[in-house]
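Participant: So the protein sequences, as listed, match chains A and B.
Okay, so the first sequence: first residue is 1 according to my numbering, each after it adds one.
Okay, so the second sequence: first residue is 1 according to my numbering, each after it adds one.
Simulated from the structure, these hints should not be mistaken for lab results.
What you were told as hints is all true, and nothing was included just to trick you.
As a list, the in silico DSSO-like pairs of lysine-lysine whose alpha-carbon atoms are at most 27 Å apart: (1) A:K18 - B:K89; (2) A:K427 - B:K17; (3) A:K18 - B:K87; (4) B:K7 - B:K214; (5) B:K219 - B:K208; (6) B:K105 - A:K18; (7) A:K94 - A:K107; (8) A:K19 - B:K128; (9) B:K259 - B:K224; (10) B:K134 - B:K86; (11) A:K19 - B:K87; (12) A:K94 - A:K128; (13) B:K214 - B:K224; (14) A:K18 - B:K128; (15) A:K227 - B:K7; (16) A:K227 - B:K105; (17) B:K86 - B:K171; (18) B:K74 - A:K227; (19) B:K208 - A:K427; (20) A:K128 - A:K87; (21) A:K427 - A:K227; (22) B:K89 - A:K227; (23) A:K19 - B:K89; (24) B:K86 - A:K18; (25) A:K227 - B:K86; (26) A:K18 - B:K134; (27) A:K19 - B:K86; (28) B:K171 - B:K114; (29) B:K17 - A:K428; (30) A:K227 - B:K17.
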Amino acid sequence: MNRLWLIVQREYFSIVGKKSFIIMTILMPFIIVLIGAIPAAIAYFNDNSGEAETYSVIDETGMNYAAAITDIEGYHFAPLSGDSTAKPREFYDKAGGAISGVIIIPKNVIQDKKITIYSENTISPGLKSHINTCINDTLTAAKIASFGVPDLDKMMQEAQVDVSVNSVRWDDNGNEEKSSTEVATILGMMLSLLTYMFVLMYGAMIMNSVIEEKTNRIVEVVVSSCKPFQLMMGKIIGVGLVGLTQFLIWVVLVIALGTLFSLIFGISTSPQVIGDPQAMQAITAQAQEDTMSSIMQSILSVNYAYVLSCFVLYFIGGYLLYASLFAGFGSAVDEASEASQFTTPVIMLMIIALYAGIACVENPNGQMAVWCSIIPFTSPVVMMVRLPYDVPGWQLLLSILLLFATATLLVWVSARIYRTGILLYGKKTSIRDIIRWIR
Amino acid sequence: MPFIQVKDVVKQYDGHKALDCVSMDVPQGCIYGLLGPNGAGKSSLIRIINMISEPDSGEVLLDGQKMTTNDITKIGYLPEERGLYKKMKVCEEIVYLARLKGMSKRDAYEEMDKWLARFDLTEWRNRKVETLSKGMQQKVQFIATVIHRPQLLIFDEPFSGFDPVNAEQLKQEILALRDQGATILFSTHNMESVESVCERITLINHAKVVLEGKVTEIKQSHKKHLYNVAVEGDRPIDANDELFAINSTRGASAQIRLKEGTSVHDTIAWLNTNYTLTAFNEILPSMNEIFIETVKKLNA
Chain A
1 MNRLWLIVQR
11 EYFSIVGKKS
21 FIIMTILMPF
31 IIVLIGAIPA
41 AIAYFNDNSG
51 EAETYSVIDE
61 TGMNYAAAIT
71 DIEGYHFAPL
81 SGDSTAKPRE
91 FYDKAGGAIS
101 GVIIIPKNVI
111 QDKKITIYSE
121 NTISPGLKSH
131 INTCINDTLT
141 AAKIASFGVP
151 DLDKMMQEAQ
161 VDVSVNSVRW
171 DDNGNEEKSS
181 TEVATILGMM
191 LSLLTYMFVL
201 MYGAMIMNSV
211 IEEKTNRIVE
221 VVVSSCKPFQ
231 LMMGKIIGVG
241 LVGLTQFLIW
251 VVLVIALGTL
261 FSLIFGISTS
271 PQVIGDPQAM
281 QAITAQAQED
291 TMSSIMQSIL
301 SVNYAYVLSC
311 FVLYFIGGYL
321 LYASLFAGFG
331 SAVDEASEAS
341 QFTTPVIMLM
351 IIALYAGIAC
361 VENPNGQMAV
371 WCSIIPFTSP
381 VVMMVRLPYD
391 VPGWQLLLSI
401 LLLFATATLL
411 VWVSARIYRT
421 GILLYGKKTS
431 IRDIIRWIR
Chain B
1 MPFIQVKDVV
11 KQYDGHKALD
21 CVSMDVPQGC
31 IYGLLGPNGA
41 GKSSLIRIIN
51 MISEPDSGEV
61 LLDGQKMTTN
71 DITKIGYLPE
81 ERGLYKKMKV
91 CEEIVYLARL
101 KGMSKRDAYE
111 EMDKWLARFD
121 LTEWRNRKVE
131 TLSKGMQQKV
141 QFIATVIHRP
151 QLLIFDEPFS
161 GFDPVNAEQL
171 KQEILALRDQ
181 GATILFSTHN
191 MESVESVCER
201 ITLINHAKVV
211 LEGKVTEIKQ
221 SHKKHLYNVA
231 VEGDRPIDAN
241 DELFAINSTR
251 GASAQIRLKE
261 GTSVHDTIAW
271 LNTNYTLTAF
281 NEILPSMNEI
291 FIETVKKLNA
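Assemble the whole structure, with the sequences as input and the hints as a guide.
Facilitator: Below you can see the structure in the form of structure tokens.
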């Protein structure tokens, strides 16, 4: 036990002390936050970058639809009286650079449902969708009016049904609580991705560490002082702790930097919402029905203790399972480049698990979801997605038992591969060799 | 009682026998040579004594007891393929390996500083191993091997990679460790390097022990009755049909071979009556010669 702890310590500090590790650990949160913040920052600078661009709107219909296009930040729309014979370019040239472009609303716009923007600039999707929304509403109203039925517009409005589906879950005592599959699903997906990334990144790290020890021949000295099993487990635990450290630092830094950025720019850093006014509207619409408090309630209603304790179990099991495979295969080769014949199938398994997990969001209690969440190689990733949907107790139990049984078995198998592999040099190892070592 | 007792050890890899019923007794406080050509099975045997691998059958006794996991702290092992963690500092590396062998942190630091001073490495204490020259790295590895005061030291090709000056220093350190009571096992195919230090040897060839015993006794039993003789004056030594034959002459000295049953005493007497004898000494075969002869005889 003492030796194992020593090996864990050495493994941990040898990686944590590396320059590449420190740089990566500090840089990553900046990259993440920057990627999130760039659109916000651009929007921020755009808003303050002086004058708005002006677009002339030529309304050939004579119905004054042009007035419907309201100004937004950065854009001003100036209606012009129509002249169907003039070319848009002539307007533009006449303005002599005072306008950025010309918007033509053609005479038969109600039938054709088309308007055109002429400009030397590329028109941003944001601008297009703004104009689209403005014109749509006005034209719809005009069209309804054109039917000549009194109060049709009111009828139309009332006829519009938009049902929002609320789900209510009974807890064990039969009490009602608002369930929140959205929040839980997002949480599940995140945990699932986290497991996937962690296993792949740190699994590879373990393999490199094994190969390095083998290549520089220190391994023979070390295994004359401890059991190969201790060395392998020390590595797996040490690298696991390194991973936890890195993730903790990332989480803390991302939150801190994110807060900092949003303070500086005074806006939310979530990029999709800002770039897309429609999404913004959708959110406002939803917010009218679902009050803020109900969103909060749904966030709070997730059984975090249950989800997180399951996560920890699956995470440890999944990590052990894959890490031991990486350690075992690492010991069987002399160079990292030789290892791909063994690691490719392992990585394929992980990718299958990830895709199964993504697919299970659609149908979390379907055949595939159930099976993939029980099979040990995919369960750590897939079960995370299923957790919010009340997995039957027996499935959860079976899945965890199978996962840990398999992980234990694979640790044992890998230890046998490792024991022989680390002391074998200059021989190309085949799967057949490895099977013989296990026996 | 021998300190290390190897009893009928058999080890097989992939259907070929690496060790075939090998037995060996290493007395306490002895410098013991495990000799043999490359691939004879030396490394396999050493790994078994080190408890890195297990024998298929047979056993290894340490001080009369079957070895247990705790016994590995009593062993210091310098493998043929030297290796250290390149990115670690010298002090961290040595202390880590010492602690793996069960030393306390404080003990390890104390002992390490003594050894570093002895090898003039004190100023490299906090440098990374990769910045050291190969010779210095070898010394670091030697320190890591002996720092926990093991009762049994196993050196696999210890002098390879050392320049003559450092090799001599290493030899003196090893002798000093023997004097402090350590038992030392050398494994090598380089006979000359151990001839001067080993008291006993075991010669392995093709997984089997082919020769075993005290170095002096082995040499005696393999001697060819060859002598170097030198006399005064320029007159070359003539052969004597009754006493000896001449192998080669160079001026007034010659290498002679005594006939069967001839005594050294009679030969010296005869030489002294006919010449003025200035030198007469026996030529014992080198271990290298015995090694080659034995191996050839077996392969024939």
